[in-house]
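Chains H and G, in that order, are what the protein sequence lines are.
For the first sequence, the positions run 1 to 295 when our numbering is used.
For the second sequence, the positions run 1001 to 1267 when our numbering is used.
If you are wondering where the hints come from, they were derived from the structure by calculation, not from laboratory data.
There may be inaccurate statements among the hints.
[Unchecked claim] Below, in silico cross-link-like pairs of lysine to aspartate or glutamate (DMTMM-like), each with a Cα-Cα straight-line distance of 25 Å or less:
| no. | chain 1 | residue 1 | chain 2 | residue 2 |
| --- | --- | --- | --- | --- |
| 1 | H | Lys54 | G | Glu1154 |
| 2 | G | Lys1173 | H | Asp105 |
| 3 | G | Lys1263 | H | Asp43 |
| 4 | H | Lys187 | G | Asp1087 |
| 5 | H | Lys187 | G | Glu1240 |
| 6 | H | Lys197 | G | Asp1087 |
| 7 | H | Lys187 | G | Glu1024 |
| 8 | G | Lys1263 | H | Asp184 |
| 9 | H | Lys187 | G | Asp1090 |
| 10 | H | Lys197 | H | Glu175 |
| 11 | H | Lys104 | H | Glu117 |
| 12 | G | Lys1173 | G | Glu1235 |
| 13 | G | Lys1173 | G | Glu1077 |
| 14 | H | Lys187 | H | Asp105 |
| 15 | G | Lys1263 | H | Glu87 |
| 16 | H | Lys197 | G | Glu1240 |
| 17 | H | Lys54 | H | Glu134 |
| 18 | G | Lys1263 | G | Asp1090 |
| 19 | H | Lys142 | H | Glu58 |
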Amino acid sequence: MTCKEEIPSVEMSHLDHLWFQISGTFCNLTCHHCFISCSPQNDTFGHLTLQNVKDRLEESVALGVKEYYFTGGEPFLHREMVPILVETLRYGPATVLTNGTIFKDEWLGTLSEAEIESSYSLEFRVSIDGFSPETNDPVRGKGTFQRALKGIVQLVEYGFLPIITAVRNWPDDQEQEVVAAFVDRLKQSGYSRPRIKILPTLYLGAETNRSHTYHPTERVTSGMLSDYDQTQLVCEHSRIVTDRGVHVCPILIESPDSLLGQSFQQATTPYQLRHGACYTCYQYGSICSNPSSAK
Amino acid sequence: MIHSSTTSRIACLGGIYNNYLALEVAIRDARKRGVDAIYCLGDMGAFGPHPDRVFPLLSDHDVICLQGNYDHSIGNELNDCQCGYTDPRDNYFAQISYDYTLQNTSVESRQFLRDLPTEICVDLGPLRLLLCHGSPRRVNEFLWASTSPNHFLEHLAAERDADVVAVTHTGIKWHRPLADNRHFVNVGVLGRPENDGNQHVWYTLLETSSVDPLRVKFVPVEYDYHRLAREMGNEGIPAEFIETVQTGWWTTCLEILPAKERKQGRW
Ligand code: SF4
Ligand code: SF4
Ligand SMILES: [Fe+2]
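Please construct the entire structure, taking both the sequences and the accompanying hints into account.
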C-alpha cells in the first residue's frame, strides 16, 4: 500500500497576466480537442460585456498588471470585440486567441490603426492543427484549414504578424520536418516571417472523448514541486475573468473549484494543484503566455 | 546590494556580449563627458569574439559591474545562458555562443563574474536609482517597451522604493517617465546593434541637476564593426551573428520579440 502524497498549493506572486473569457464557451467551430468543449451551442459561460472589461481594466491599474489576454470560445463572435481591444490597448499589451476563421476587413483596419496609435503590442494567436487540411480538418472541421490560412493572410495584409499556435499532433521525432513544411506553406501563402508556437495536448473537455483522460498517477505532488520553478505555472502569475467571476487559470474554468471569487482580492488565494491538467502544466511550463514574456 | 556614493552624472552600459571594441569606445566617450561613474548592468559574454578581452577594460577603467543571467551562468559554469528563449532555432544559436564563451573565459574571469552583485542602488543626486539586469524581480525578465504598461512599471519601481530603475537584457533601449516623478529606463546594449539597420550600438547617460531632475540621454557608439566581424569569422562564430554586426538587423533571438518590436526589424 502507498500513502497518498499531500497535494501542493501554488501562491500567486503577482497578477502579471489578466485573462478574459470574453466570448464564454461560444465558438463557431467544435474542435475535437477543445479543452473546454466550446461550440455554437455551449452556453456554460456567457459573453463578458464591454463595461465588464472596462471595470476590470480600471481595477488592474492599481494591481500593476502586465499583460491582457482574451480567449473563448472564439473572441470575434463577440460583437464588441474590436472596441474591447481598442480600449485595452490604452492600458497595456493585448493578446487575442482566435481560430482565425471569421475576421472582417473593417475590424482589422480599426485594430491596425489602434495598435499603431498605442505604445503597446497587439498580438493575434491563431490556432491551427498541423500543416495541412489532412491533419487539421479532422480535428477542427471540414474546410477550417483553408479558412484559418485565409485569416492569417488577412492579418498579414493589415500589418500584423500573427503567432500561429499548433497543438502537437505528430510524433516528437518528426517535429522538425513537420514545422519546416508548415513554415514553407505559410511563406507560400504570403506570410514571409511566420511566428509559430507549439502547444502540448491537454487531456480535458472534448479531448477526453478523442484520446484518454489523465491517469490518477498523473498528478503534481509536493515532492515534484520542491525543486521546481513555480513561475512556470500559469496560476503563479495569472487569473481569468468569466461571467461567473474570477477563476484560477484559463485551463480549468469548467472545474467548479477553479472559481475563486468575484473580486481580484478574493482570487489571490493559493490554489491546490489537484487536477490532471496541472500535471501537463508542470511538464511543459508556461503554455499560455507569449514567447516575449516567457518565464 | 551595494550602495555607492552620491553622483550626478553616470554612464550605464548594457549587455557587452564580448564586444570589447564597442566597450572601449563607450568608456572613452563616457570619460570625455565627465561622468562620475560608469556602471555595467551585466551580460559581459555571448555573441562576439574573445570573451577575455572585456575584463581588463572593465577593471582598468573602474567600471562597476552587475551580474546578468549570462554572467551567473558562466560564473557558475552552468549548461546554458538562461536567456529565456523558447524557440528551438533561437536556442540552437544561443547555445553555440554560450559554449564558445564558456570555453574562452578564464578561471579568474569566471570567478569575477560569479562574485558580482545582482543589483546596485545608487544615489543620483536626490534620486534613488536601482540598477538591475532584467527587472528588479527577475534577472532574465524581458522588459520590452511594447509589453510593459506604465502601471506595471510603476508597481515594480514602487515595490523597491526606487525613483529610477535602469535595466538591460532585451537589447533594445527605451525610457518611460511614470507617475510620481518615477522613471524606468532600458539602457540598451553595447553587444549588438538594435535591429534597426544601423551598425552602431548604444549606451545611456543619466544626469540630474537643479533644472532637470532626470535627463536620460542615449548615446550612439560607433566602433570598428568590420574588425569585430572579421574576428568573429576567425573564431568560427556562426555567419548569422556576423550578419547582424554587419547589417544592424537581428537574425536570431527573433521569436522573443513582441509584435511591435518584431515589425521594426527586417527578419
Ligand atoms: S479549440 Fe478554439 S476554435 Fe476549437 S472549438 Fe475550442 S475555442 Fe473554438
Ligand atoms: S491547470 Fe496549470 S495553471 Fe491551472 S491551476 Fe493547474 S497548474 Fe495552475
Ligand atoms: Fe541578459
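_Check the structure against each numbered hint from earlier and tell me which ones fail, lowest number first._
Hints 2, 3, 7, 12, 13, 17, 19 not satisfied by this model.
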